[in-house]
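J.: Next come the chains, spelled out residue by residue.
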Amino acid sequence: MFSEELTIDTRGQDIVDLSREVAAFCDGRGDGLVCVFAPHATAGLALIEVGSGSEDDLREALGRLLPRDDRWRHRHGSEGHGADHVLPAFVSPSLVIPVLAGRPALGTWQSIVLVDTNPDNPRRTVRCSFLAG
Amino acid sequence: MFSEELTIDTRGQDIVDLSREVAAFCDGRGDGLVCVFAPHATAGLALIEVGSGSEDDLREALGRLLPRDDRWRHRHGSEGHGADHVLPAFVSPSLVIPVLAGRPALGTWQSIVLVDTNPDNPRRTVRCSFLAG
Amino acid sequence: MFSEELTIDTRGQDIVDLSREVAAFCDGRGDGLVCVFAPHATAGLALIEVGSGSEDDLREALGRLLPRDDRWRHRHGSEGHGADHVLPAFVSPSLVIPVLAGRPALGTWQSIVLVDTNPDNPRRTVRCSFLAG
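Residue numbers (my numbering), protein chains in the order written: chain V, 902 to 1034; chain F, 902 to 1034; chain S, 902 to 1034.
Honestly, the hints are just simulated from the structure, not real lab data. All residues carry an ideal CB built from backbone N, CA and C; glycine is no exception. Careful, some of the hints might be misleading.
As the list claims (entries may be wrong) - Here are some, though not all, of the chain V residues that point toward chain S, as calculated from beta-carbon distances under 10 angstroms: (1) Ser904; (2) Arg960; (3) Ser993.
Given only the sequences and the hints, what does the whole structure look like? Please build it.
T.: Dropping the structure here:
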């Protein structure tokens, strides 16, 4: 298995497109499965379209469903940070994508994004692991 | 890796049982993992029980949590279509299932369903990829 | 592929830490991917931090988003049980984790938990499958 930890500079962004980095990792590896994995307790990974407003829509949905107020038992860091700790139960930090001839077999409108609503960590790591088939 | 794109005629249904198609794909392949992957930006895959009301229950939950109204920034197609673009962050389009002796090792009540609330696409593709172990 | 079904005595708990069991299953197996899979229609798997309040926070979120009232079509067992049948669409019962040198490559604060809000099943099974790379 080829496995590599990528360092992501989120620059404080909460939704970060990783498609290019994952494609570069898969390049030349043939057919198989790539597991993209965020080893963090307050981040998830998603496949969405970017650039047409869905990032804002996802922000709205997350803020409404997991509000950043004082309801949470898990308290530390910025207000509402407990919500970030529940996020990975709904937006999983593990994602498996088929790879064909060294390219992730994504649909035309799919991008791989890191969803990280915790503003306190400008650097994140994401592990890519390729299992050849 | 054996990888094949299945064409699904959803007939406008939003929850489509794929269990038979995935089982047929796995048949005869021995032990391994099957990755079921929907290469679409407005669809997800889920493992639920079908035929006892949970399809309607999932519809109700999705309609309530991601309402089909004019709140969404991503606008085109039918009203509320922006909700469809947020869906895959919560209902992932990638699903990995263990396969034993050529059969998906599902629980008795689990079915593999495509969740596709976008009524504008009666034909969808789902890629099955089998990695032998 | 090494595949094994673990029996989990949940003792009626709804969020059960499986990290130790999954680590024991992976021990000595080298590099690869482990698929953790709950073959149940009313359970999911999540990677969250445990012991700091997030279990209660996840309970609150699930109870609010999928209320245990009489709205559900799927009716049997205890009141609100229909919610348990919708849960796996949002908290998937399948989780893939990279394994390095026989150890799940989890982040410091990540634990693997079974999320099983159905109080009627004190015994559950979870299948671990390891694909070497």
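J.: All hints, please: hold or fail.
T.: The hints, checked one at a time:
1. Look at V/Ser904: its Cβ gets to within about 6 angstroms of chain S, closer than 10 angstroms, so that hint holds up.
2. Proximity of V/Arg960 to chain S is violated relative to the hint, the smallest CB-CB distance being about 17 angstroms (cut-off 10 angstroms).
3. With its C-beta approaching chain S no nearer than about 6 angstroms, V/Ser993 sits inside the 10 angstroms limit, and its interface hint holds.
Comparing the model with each earlier hint shows a violation of hint 2 alone; every other hint is respected.
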